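Colleague: Given next are the chains, with one letter for each unit.
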Amino acid sequence: MNDTVIKTKQLTKKYGDQTVVNKVNLHVKKGRIYGLLGRNGAGKTTIMKMILGLTPITSGSSEVFGNSLSGNEKKIYPRIGAIIENPGFYPNLTGTENLEIFAKLRGTASPDAVKNTLEIVGLPYKDKKTFGKYSLGMKQRLGIANAILHDPELLILDEPTNGLDPIGIAEVRDFIKKLSVEHGKTILISSHILSEIAILADDIGIIDRGILLEESSMSELEKRNRKYILLQVSDIPKTVLILEQRFNVKDYFVQDEQTVRIYDTTLNIGEINKALVMEDITVISSGICHDTLEDYFKKITGGEGIA
Amino acid sequence: MRALLNLIQIEFCKLRRKKLIWLMLLSAFVMPFFAFLYFRYFGNTGLDPVMFYKWSAFGYTIFIILPFVLGVLSIMLIHDENRYDMLKQLWIVPVSKMGYFFSKFFVVLIYSICFMLITALASVLFSVIPNYVEFEWSSILFLVEKCIEIGVLTAFATLPILATSVSQEGYILPVCVTLIYVFAGIFIVQVNAYFHPLSCILVIIARNGVIPGGLPEINVILALLIICVWGSFSILLANITLARESKVE
Numbered sequence: 102m103n104d105t106v107i108k109t110k111q112l113t114k115k116y117g118d119q120t121v122v123n124k125v126n127l128h129v130k131k132g133r134i135y136g137l138l139g140r141n142g143a144g145k146t147t148i149m150k151m152i153l154g155l156t157p158i159t160s161g162s163s164e165v166f167g168n169s170l171s172g173n174e175k176k177i178y179p180r181i182g183a184i185i186e187n188p189g190f191y192p193n194l195t196g197t198e199n200l201e202i203f204a205k206l207r208g209t210a211s212p213d214a215v216k217n218t219l220e221i222v223g224l225p226y227k228d229k230k231t232f233g234k235y236s237l238g239m240k241q242r243l244g245i246a247n248a249i250l251h252d253p254e255l256l257i258l259d260e261p262t263n264g265l266d267p268i269g270i271a272e273v274r275d276f277i278k279k280l281s282v283e284h285g286k287t288i289l290i291s292s293h294i295l296s297e298i299a300i301l302a303d304d305i306g307i308i309d310r311g312i313l314l315e316e317s318s319m320s321e322l323e324k325r326n327r328k329y330i331l332l333q334v335s336d337i338p339k340t341v342l343i344l345e346q347r348f349n350v351k352d353y354f355v356q357d358e359q360t361v362r363i364y365d366t367t368l369n370i371g372e373i374n375k376a377l378v379m380e381d382i383t384v385i386s387s388g389i390c391h392d393t394l395e396d397y398f399k400k401i402t403g404g405e406g407i408a
Numbered sequence: 075m076r077a078l079l080n081l082i083q084i085e086f087c088k089l090r091r092k093k094l095i096w097l098m099l100l101s102a103f104v105m106p107f108f109a110f111l112y113f114r115y116f117g118n119t120g121l122d123p124v125m126f127y128k129w130s131a132f133g134y135t136i137f138i139i140l141p142f143v144l145g146v147l148s149i150m151l152i153h154d155e156n157r158y159d160m161l162k163q164l165w166i167v168p169v170s171k172m173g174y175f176f177s178k179f180f181v182v183l184i185y186s187i188c189f190m191l192i193t194a195l196a197s198v199l200f201s202v203i204p205n206y207v208e209f210e211w212s213s214i215l216f217l218v219e220k221c222i223e224i225g226v227l228t229a230f231a232t233l234p235i236l237a238t239s240v241s242q243e244g245y246i247l248p249v250c251v252t253l254i255y256v257f258a259g260i261f262i263v264q265v266n267a268y269f270h271p272l273s274c275i276l277v278i279i280a281r282n283g284v285i286p287g288g289l290p291e292i293n294v295i296l297a298l299l300i301i302c303v304w305g306s307f308s309i310l311l312a313n314i315t316l317a318r319e320s321k322v323e
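So the sequence lines, in the order shown, correspond to chains C and W. Numbering follows this note's numbering, in which position 157 of the first sequence is assigned residue number 258; successive positions increment by one, without gaps. Numbering follows this note's numbering, in which position 96 of the second sequence is assigned residue number 170; successive positions increment by one, without gaps.
Each hint should be verified, as a subset may be incorrect.
Unchecked claim - A few chain C residues facing chain W, derived, Cβ under 7 Å:
(1) Y178
(2) Y191
(3) N193
(4) L237
What the hints assert, rightly or not - Dumping the calculated BS3-like pairs for lysine-lysine here, alpha-carbon to alpha-carbon at most 25 Å:
(5) C:K278 x C:K240
(6) C:K240 x W:K93
(7) W:K128 x C:K227
(8) W:K93 x C:K234
(9) C:K234 x C:K205
(10) C:K229 x W:K128
No wet-lab data here; the hints were simulated from the structure. Computed from a predicted model, the values in this text were never measured in an experiment. Yeah, the Cβ is synthetic: ideal placement off N, Cα and C, and Gly gets one too.
Let the hints inform the model, and build the full structure from the sequences given.
Modeller: In structure tokens form, the structure reads like this:
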């Protein structure tokens, strides 16, 4: 059974000599939330646009629901709901009128679809306020409403919480989670806010400068990268020598002049401490630590953190 | 066909609260009113109705007012969707590129016919009420028939402006193109009536010598062909542009 809803193969986008997306292999599985995490300008929106056929692919390919989008638009688009960049609507129309237009265009069967969708995103039905007078948060909510109006199987959401207040962010986050858990929707969401992706995503893709550095499930990522023994000692070279010779430690990382990380957490910390003290090394602190996703992000991008 | 009708209906829904659309219809009264003033000045009564209509409906309305109004309407129909970055939302519905273009064109066509019918109504009011022209059904039917003809043909002649609006994100160039296009029609007709679509409209409506002071040599087929050629190139341009635009860079 093919459970991959979006699959890209060596997806590349170039603008002149500049490569903005470089050989990206993305796999979004059915019923899961895939978080595409990267800094501003990392290439997240471009990837989404290429998946949706809104920007030409320079090389590589993209498949949605097992088919190339090109030539299958009428079959595939009705199964997708999307927000790309800022959602645009007719400024002279109300939120309800805007959604009614999209409902008509899509041939949405349910007569209450607009009302129900507006209720879900917390916007009033048949309100007199036109879209032009909406706040940024309201605009974003209407964008989400439009994306879910036709009950699509796949949602592609490009930074959907942009411009929302903290309560709004939490509401949208819960709502997205609910869509995935209760309704089995597949969701590809991009964000530069790490905590948002960490809370929401089942799978994560970390992108930096157009390159997909890591693609993994959140649970696997947590298992694989987070635990280590942190030692703060007075003499790092001597400590490293003891760790290598006596404890046969090979997987470690010297963080600074006093700190070393040992990634084998099965080692007995008491014995390590005792061995170091016996060799006249002062142990300032020792213990098992967990990397945050931000630490991991820093490590694999080789740069600064992310919000 | 049903999809296109749906798109046209939606296009009209999008025009809600756009006061300028209604205000522009007021310009349909401009030439009938000037014709009223003109004949009032000379104190003419018992006129040949066609003489009055030549001023009120078949003159500057064809050459300047209606094409300019339709040009502005075309720009308005396209510009908001470009300005508010709506096209990508429409493409992923999906809305067909040509369906999108033709739905805009049909709005222009319907608006153009309505505009000319208002001109016809105003012409009758401004000519019959002051008694410049005697009320005759035959002359009114002639006027309505010609106004519908003008409405339909001018909408087709506006296709180049609509295509230009589709190809541009801003509105400045399409407005400039509209002005140049409209005024070029006036100047070119003096040199060659079979080059510019607007001058071709005059050739078509003045056929059989029904409008006094019309063009001496009339080749309706050639005039229609010229309008078709311009229209076809415009549709081609729109098709190419929209195909490119659906791939938003």
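Colleague: None of the hints should be skipped; say for each whether it holds.
Modeller: Here is what the structure says about each hint:
no.	hint	in the structure
1	Y178	5 Å, holds
2	Y191	6 Å, holds
3	N193	4 Å, holds
4	L237	14 Å, violated
5	C:K278 x C:K240	21 Å, holds
6	C:K240 x W:K93	24 Å, holds
7	W:K128 x C:K227	48 Å, violated
8	W:K93 x C:K234	17 Å, holds
9	C:K234 x C:K205	23 Å, holds
10	C:K229 x W:K128	46 Å, violated
The earlier numbered hints that this structure contradicts are 4, 7 and 10.
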